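I would like the entire structure built from these sequences, with the hints used as guidance.
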Amino acid sequence: MNFLSLFVLVPVLMMVGLFLSKNLTQIRAVAVTGASLLLALAVGLVFAYLGERAAGNTSEMLFAADHVWYAPLNIHYSVGVDGISVAMLLLSAIIVFTGVFASWKMEFLEKEFFLWFCLLSTGVFGFFISLDLFTMFMYYEIALIPMYLLIGVWGSGRKEYSAMKLTLMLMAGSALLLLGILGIYYLSGATSMNLLEIARTGVPAASQNWLFPLVFVGFGVLGALFPFHTWSPDGHASAPTAVSMLHAGVLMKLGGYGCFRVAIYLMPQAANELAWIFIILTGVSVVYGAYSAIVQTDLKYINAYSSVSHCGLVLFAILMLNQTAMNGAILQMLSHGLMTALFFALIGMIYGRTHTRDIRQMQGLMKIMPFLGVCYVIAGLASLGLPGLSGFVAEMTIFIGAFIHQDAFHRVFTIIACTSIVITAVYILRVVGKILYGPAADHQHIDAGDARWYERTSTIVLILAIAGIGLAPLWISDMISDSLLPIVQNINL
Amino acid sequence: MDYSNFIYLKEELSLIAVIVILLLYDIFGSKKSLNYFQPAACLLFAAHILFTCCPAGQTLAIFGNIPPADQANAAASVYPTFSGMYNLFPLGSIIKTILSVGTLIVLLQARDWLEEEQTRVRRGEFYMITLFTLLGMYFMISAGNFLLFYIGLELASVPMATLVAFDKHRNHSAEAGAKYILTAVFASGLLLYGISLLYGTTGTLYFTDIPAAINGSPLQIMAFILFFAGMGFKLSLVPFHQWTPDVYQGAPTPVTAYLSVISKGAAAFALVTILCKVFGNITEHWQPILFWITIATITVANLFALRQQNLKRFLAYSSISQAGYIMLGVISASATGVTSLLYYILVYIFSNLAVFGVITIIERRSGKETIDDYNGLYTTNPRLSLVMMIALFSLAGIPPLAGFFSKFFVFAAAVEQGYYWLVFIALLNTVISLYYYLRLVRAMFINKNENPVAAIRSDNYTRLGLLACSAGILLLGILSIVHGEIYRHAVGW
Numbered sequence: 001m002n003f004l005s006l007f008v009l010v011p012v013l014m015m016v017g018l019f020l021s022k023n024l025t026q027i028r029a030v031a032v033t034g035a036s037l038l039l040a041l042a043v044g045l046v047f048a049y050l051g052e053r054a055a056g057n058t059s060e061m062l063f064a065a066d067h068v069w070y071a072p073l074n075i076h077y078s079v080g081v082d083g084i085s086v087a088m089l090l091l092s093a094i095i096v097f098t099g100v101f102a103s104w105k106m107e108f109l110e111k112e113f114f115l116w117f118c119l120l121s122t123g124v125f126g127f128f129i130s131l132d133l134f135t136m137f138m139y140y141e142i143a144l145i146p147m148y149l150l151i152g153v154w155g156s157g158r159k160e161y162s163a164m165k166l167t168l169m170l171m172a173g174s175a176l177l178l179l180g181i182l183g184i185y186y187l188s189g190a191t192s193m194n195l196l197e198i199a200r201t202g203v204p205a206a207s208q209n210w211l212f213p214l215v216f217v218g219f220g221v222l223g224a225l226f227p228f229h230t231w232s233p234d235g236h237a238s239a240p241t242a243v244s245m246l247h248a249g250v251l252m253k254l255g256g257y258g259c260f261r262v263a264i265y266l267m268p269q270a271a272n273e274l275a276w277i278f279i280i281l282t283g284v285s286v287v288y289g290a291y292s293a294i295v296q297t298d299l300k301y302i303n304a305y306s307s308v309s310h311c312g313l314v315l316f317a318i319l320m321l322n323q324t325a326m327n328g329a330i331l332q333m334l335s336h337g338l339m340t341a342l343f344f345a346l347i348g349m350i351y352g353r354t355h356t357r358d359i360r361q362m363q364g365l366m367k368i369m370p371f372l373g374v375c376y377v378i379a380g381l382a383s384l385g386l387p388g389l390s391g392f393v394a395e396m397t398i399f400i401g402a403f404i405h406q407d408a409f410h411r412v413f414t415i416i417a418c419t420s421i422v423i424t425a426v427y428i429l430r431v432v433g434k435i436l437y438g439p440a441a442d443h444q445h446i447d448a449g450d451a452r453w454y455e456r457t458s459t460i461v462l463i464l465a466i467a468g469i470g471l472a473p474l475w476i477s478d479m480i481s482d483s484l485l486p487i488v489q490n491i492n493l
Numbered sequence: 494m495d496y497s498n499f500i501y502l503k504e505e506l507s508l509i510a511v512i513v514i515l516l517l518y519d520i521f522g523s524k525k526s527l528n529y530f531q532p533a534a535c536l537l538f539a540a541h542i543l544f545t546c547c548p549a550g551q552t553l554a555i556f557g558n559i560p561p562a563d564q565a566n567a568a569a570s571v572y573p574t575f576s577g578m579y580n581l582f583p584l585g586s587i588i589k590t591i592l593s594v595g596t597l598i599v600l601l602q603a604r605d606w607l608e609e610e611q612t613r614v615r616r617g618e619f620y621m622i623t624l625f626t627l628l629g630m631y632f633m634i635s636a637g638n639f640l641l642f643y644i645g646l647e648l649a650s651v652p653m654a655t656l657v658a659f660d661k662h663r664n665h666s667a668e669a670g671a672k673y674i675l676t677a678v679f680a681s682g683l684l685l686y687g688i689s690l691l692y693g694t695t696g697t698l699y700f701t702d703i704p705a706a707i708n709g710s711p712l713q714i715m716a717f718i719l720f721f722a723g724m725g726f727k728l729s730l731v732p733f734h735q736w737t738p739d740v741y742q743g744a745p746t747p748v749t750a751y752l753s754v755i756s757k758g759a760a761a762f763a764l765v766t767i768l769c770k771v772f773g774n775i776t777e778h779w780q781p782i783l784f785w786i787t788i789a790t791i792t793v794a795n796l797f798a799l800r801q802q803n804l805k806r807f808l809a810y811s812s813i814s815q816a817g818y819i820m821l822g823v824i825s826a827s828a829t830g831v832t833s834l835l836y837y838i839l840v841y842i843f844s845n846l847a848v849f850g851v852i853t854i855i856e857r858r859s860g861k862e863t864i865d866d867y868n869g870l871y872t873t874n875p876r877l878s879l880v881m882m883i884a885l886f887s888l889a890g891i892p893p894l895a896g897f898f899s900k901f902f903v904f905a906a907a908v909e910q911g912y913y914w915l916v917f918i919a920l921l922n923t924v925i926s927l928y929y930y931l932r933l934v935r936a937m938f939i940n941k942n943e944n945p946v947a948a949i950r951s952d953n954y955t956r957l958g959l960l961a962c963s964a965g966i967l968l969l970g971i972l973s974i975v976h977g978e979i980y981r982h983a984v985g986w
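These protein sequence lines map, in sequence, to chains A and G.
Going by my numbering, the first residue of the first sequence is number 1, and it counts up by one from there.
Going by my numbering, the first residue of the second sequence is number 494, and it counts up by one from there.
By construction, these hints were calculated from the structure, which means they are not laboratory data.
Here the structure is a predicted model, which means the values were calculated and not measured.
Treat the hints with caution; some may be incorrect.
Taking lysine-lysine and the DSS-like style, the derived pairs with C-alpha atoms no more than 30 Å apart in a straight line are [stated by the list, open to error]:
| id | chain 1 | residue 1 | chain 2 | residue 2 |
| --- | --- | --- | --- | --- |
| 1 | G | Lys503 | G | Lys770 |
| 2 | G | Lys661 | G | Lys672 |
| 3 | A | Lys111 | A | Lys22 |
| 4 | G | Lys525 | G | Lys672 |
| 5 | G | Lys941 | A | Lys105 |
| 6 | A | Lys111 | G | Lys503 |
| 7 | A | Lys105 | A | Lys22 |
| 8 | A | Lys22 | G | Lys661 |
| 9 | A | Lys367 | A | Lys105 |
| 10 | G | Lys861 | A | Lys165 |
| 11 | G | Lys503 | A | Lys165 |
| 12 | G | Lys861 | G | Lys941 |
| 13 | A | Lys105 | A | Lys434 |
| 14 | A | Lys111 | G | Lys861 |
| 15 | G | Lys524 | G | Lys672 |
| 16 | A | Lys105 | A | Lys165 |
| 17 | G | Lys661 | G | Lys524 |
| 18 | G | Lys661 | G | Lys861 |
And the structure:
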């Protein structure tokens, strides 16, 4: 039994445990135990990984294991991690852990909620440990479908519309992806669906030109690539708190990770040739998302559009095709994952007290709920890139990487993308000023009370992680950077 | 005459034995002993399945009948007997077993309906007629000559009309029976005309002799088209599908279930056999025809399914589009294609029968059969809703359920042959189909209802049937052994 498979096994066992549990206490016990176990596993994995590397193990994927699954089609169950997947697994474990605490006060069909939540995490973890294209795609779809019920049953607002829109758009994306994956496998002539194996045999350059857009758009839909991002604001706004956290925090990263691991890694020539089209699209994502966030009045919509902008930046950085920018992209995934989860958690908690998410109806919350207020300010500052928090490290690295390109096209788009920093500051500070400061307006809000212990656990863990990356980014950026080498070499061949 | 030939007919003989025993039991059994008629029938049929399960080669070896030359590659060989009129081959035995398992599940689900006042006295007939149609399908699958094939086809369709009209006190059922028999006879006429043209141009009806005389002359193409139209009726491919919704809606629900999976599966396998064995030389003529028929089948059926309110009509269109996916396996006409076809049929049987099982029981107990009636079903009947949900997700192709794997394999088989556009269109259609399957899931889980279907206690037979289906849906994908076993026999067939 491979150590990595535990990441999939634990959520599955959690589901079994949940299925058997009888009351809310047992459900919570199972959820917390499982989530803590996952977090411990992820932290353990980081140390194990760093230890192996320090001991001089230079193979591309560590802790690899391979079992034949469907022999006639050369499908293997094949797992392994490099620095990038380790970082993503850590992120997912943190978000799942905090998500469980954020949904502590679930009041309706708790058991079913956590069951779907665990299925979603199974898909997420499985995706990041897989090396086989088929298994990867399977986990990707496992992560998508629970969203429908999670939003549809436990969501708010126009939940049925949003849930359907989200599911269908993401499934349409995965349909493109499936065709792309089959094309890659059969045209490369590889003897297995293993990523490394296909990267070695290579996909013929002529086919890359139509396969690359399929795969990039397929994953890009989940990464909120303009103009396929429209599911994201509606979906996030309607989803329950923990689901928004997991979705914006981790699921959207599946898109970025996939673009990078499958599209760029396996089809480097097409990436070089066609990157310009997607740079334009992601450039639009970055700026358009930020501008849209300015005019929204619903807290969740503001944050959802801000996610479009930040995730656009991830894809933008990946398309710069150099080590620095890609390193920034991965850091941005981590950083955005953590801070957007923090945002959604806080919004959920504030909404639970004020019963509105409309910023025009809230004022002076800092006096009523100081803990939540301070956390919101911290999340905001991380989002607009204050040094010392994770956002700064990530965006700085991205823009340095982007400026390495000398030509006018890249310069122009880098400068356009840079403007998003300023726009971000506008919408963040506007919200902070509007809802947190000033006299408390609504009398019903005054005795709302501050955060409870489970809410504090959830936010503190996230803030620690954000500050951790912001203050000591070097170890994680080194870990990522080493793993990027084979991919970058593949591009520059 | 060499009577040892009959050993090769072991599957058919065993089924005939079951039918004869049941017939005698029904006629001569005392009133008291007839109370055990249904369990006895199910057990007897289950014993028959166990008997057919043994691989063909092994059974023959027991009787010492394998020709020495074939013993080496017993896995993939065909044993022609009665001078080539009838073929015993492992792949055929596998599909017969699959169909029999499906029939057993249908029998289990039909039990509750057969206990009704009007049908109770005629229940013996139901078992016998069902098994006779199954016998016809056995002959269709194993035929080595067009005459035997035609007799099998007729044996499979004429008694079917009596099954469709089994609830003769209901106008709908009688009407559906009339519609079915008229279209079936017309289709048989076309098919027979095709066969006679083929005989006219080749001078033989044996599958093994025809390929040598096939040269793609216009008359032979005409023969193929007529033949294919007849089969298209059985498979309800667009544009030969018009009878399907009316008959499905009018027939008793267990009969609809039988019609939609078993009859379709047998026809699909017989079709692929004849396409490969008889028309294998002129693939360039029939592949374009199948290409367009497949696209039309999947797309048209999906678009019609979107607007259906009656569940049985809805499932009729859904099963037409599923037949389109089965055609992807037919058109590939390779070892991978045939494997994926058989596997698809197997998974489709489990998924569709689970849906029909739930519909049957709900229709019987509450008389409700539109989608809106299912609103809020989860609040009263959580288990039935869950079974229905996994079955629908399996039909839509969501992992980790078996439907995902079967869809992936037919797509892979088609891409292997270079049908990228076909797969692309089929994939887009899976997104459309997801929409209508989710409509039903939404009705059960999300929509509120003042007056949902009351809590239902299903009988043990239905439970057993649903349990078998759920187990199949959940396990078939993850356990790759079934697929591997089919593939082993499909190579070189």
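Problem set entry | Restraint status (C-alpha distance of A:Lys111 to G:Lys861 at most 30 Å) | Between A:Lys111 and G:Lys861 the Cα gap is close to 29 Å, so the pair holds against 30 Å.
Problem set entry | Restraint check for A:Lys22 with G:Lys661, where alpha carbons must lie at most 30 Å apart | violated, 48 Å
For this session: Decide if the proposed pair is consistent with the structure: A:Lys105 and A:Lys434, CA atoms, cutoff 30 Å inclusive.
Result: holds, 28 Å
For this session: Take a quick look at whether G:Lys661 and G:Lys524 sit within 30 Å of each other, Cα to Cα.
Result: holds, 24 Å
For this session: Below or equal to 30 Å on CA atoms is what counts here, so check A:Lys367 against A:Lys105.
Result: holds, 24 Å
Exercise. Holds or violated: are the alpha carbons of A:Lys111 and A:Lys22 at most 30 Å from each other?
Worked result: Within the cut-off at roughly 9 Å; holds.
For this session: For the pair supplied as a hint, A:Lys105 and A:Lys22, confirm whether the alpha-carbon distance does not exceed 30 Å.
Result: With Cα atoms ~17 Å apart, A:Lys105 and A:Lys22 stay inside 30 Å; holds.
Exercise. Is the hinted pair G:Lys661 and G:Lys861 satisfied, with a Cα-Cα distance of at most 30 Å?
Worked result: holds, 20 Å
Exercise. Regarding the pair G:Lys524 and G:Lys672, is the alpha-carbon distance no greater than 30 Å?
Worked result: violated, 36 Å
Problem set entry | Agreement of G:Lys941 and A:Lys105 with the hint, judged by alpha carbon distance not exceeding 30 Å | Status holds; Cα separation ~23 Å.
Problem set entry | 30 Å limit on alpha-carbon distance, applied to hinted pair A:Lys111 and G:Lys503 | It is violated: about 51 Å lies between the C-alpha atoms, which goes past 30 Å.
Problem set entry | Hinted pair G:Lys503 and G:Lys770, Cα distance within 30 Å | holds, 23 Å
In terms of the numbered hints stated before, the structure departs from hints 4, 6, 8, 11, 15, listed from lowest to highest.
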